[in-house]
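Novice: Make a model of the complete structure from these sequences and hints.
Residue numbers (the working numbering), protein chains in the order written: chain A, 1 to 195; chain B, 1001 to 1117.
No lab work stands behind these hints, which were simulated from the structure alone.
Be aware that one or more of the hints could be misleading.
Example chain B residues on the side facing chain A (calculated, C-beta under 8 Å, incomplete) [claimed, not checked]:
(1) Leu1052
(2) Ser1060
(3) Pro1063
(4) Ile1067
(5) Ala1079
(6) Gly1104
Stretches of chain B that chain A covers, calculated by requiring three or more beta carbons in the stretch to come under 8 Å of a beta carbon on chain A [stated by the list, open to error]:
(7) 1028 to 1042
(8) 1068 to 1078
Backbone N, C-alpha and C define an ideal beta-carbon position, used for all residues, glycine too.
Each chain, letter by letter, is given below.
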Amino acid sequence: MTAAGEHNLPGRAASGDVDAFARLVREHSALVYRVALRILGTEDAQDASQEVWIRVWRSIGNFRGESAFSTWLYKITVNTCLSARRKEQGMRMREFDGEFPQLPIQPGGEDDPEAAILDGERRDELVRALERVRAEHRAALVLRHMEGLSYAEVASILDVPDGTAKGWVSRGRAALLVALAEGAEIERNLDGEAS
Amino acid sequence: MIGSERWDVLERIGAYAAGELVGEEARETERLILENPEARRLAASYARMMALLGAIGQESPEPPETIANRAIRRAYVSAFFRQTESLFTDVGRAYVEAFVYYLGLRGDGEGRVQRAY
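Specialist: Below, the structure is given as structure tokens:
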């Protein structure tokens, strides 16, 4: 295959070339699944990923190549995940009373944060806490701090102005910390009752 | 501080922990963190959370094979139906054109019908 052919997979897929579409799916399946998993959780990520590829196949003719294919794909993935969560409320906080939230220091975690971070229990805590963040804010947070995208990219994917994207990330960050701290507090209380 | 002001501080220290504040706003937040133990603990908590998010962000969960397989299978089936539909449309159009030609009903471009007989 020529270099031009390699680079024009979306164009070929748009003209009905299923082999080109299959290559796009294989190359980008991890991105779609990863984002769906982080926004929706394990239970719904697989169905959402299927839905994303159905939408991509249906609408690939609309991809004009004005942005990278991955940006367009992020947009479809996030929209699919958000439409799955449209009725969900999540935390709508703009006020905060009481003490600021605190995350407990994990035993041995300060010296080797990476090692302490990646244990399954803490990952599950974060996933549970993320589910309590309002869907749009969660999507913005995932794109910015887990996918490592710039605010301009986050804004383009979410189809909002840069300032709104920044605000959503900021509120999502604060709401996630509150949810994480509340989860940790509940766990401390349960441990206290058990001992 | 009232609730909304505390929320603003919560967001501002989060932005500082994420390295997104610059200039006077960053200096003010640093001062607050240095002077206020509660703000200091909050900044430390944010730093832990950001490290957690970053570390999980580095992971690349493997998507189940079935996702790609099903998507590709559906595309093949859909492409087959598209081609079949297109073939039948083309054949149907050709038959209609042939029939129109046979009956001599084709217009001459000026609204008159040319009849072959």
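Novice: If a hint holds in the structure, say so; if it does not, say that too.
Specialist: Checked hints:
With its C-beta approaching chain A no nearer than about 5 Å, Leu1052 (chain B) sits inside the 8 Å limit, and its interface hint holds. A cut of 8 Å between beta carbons decides the hint on Ser1060 (chain B): the least distance to chain A is about 6 Å, and the hint holds. A hinted interface residue such as Pro1063 (chain B) counts as satisfied when its beta carbon comes closer than 8 Å to some beta carbon of chain A; here the least separation is about 3 Å, so the hint holds. For Ile1067 (chain B), the suggested interface contact is upheld, since its CB lies about 5 Å from the closest CB of chain A, less than 8 Å.
Interface restraint check: Ala1079 (chain B) against chain A, minimum CB-CB distance 5 Å, threshold 8 Å, status holds. Contact between Gly1104 (chain B) and chain A, as hinted, is not supported at the beta carbon level, the nearest pair being about 37 Å apart and thus beyond 8 Å. With 4 residues having a Cβ less than 8 Å from any Cβ of chain A, the segment 1028 to 1042 of chain B passes the three-residue criterion, so the hint holds. Evaluation of the coverage hint for the segment 1068 to 1078 of chain B: fulfilled, as 8 residues show C-beta separations to chain A shorter than 8 Å, against a requirement of three.
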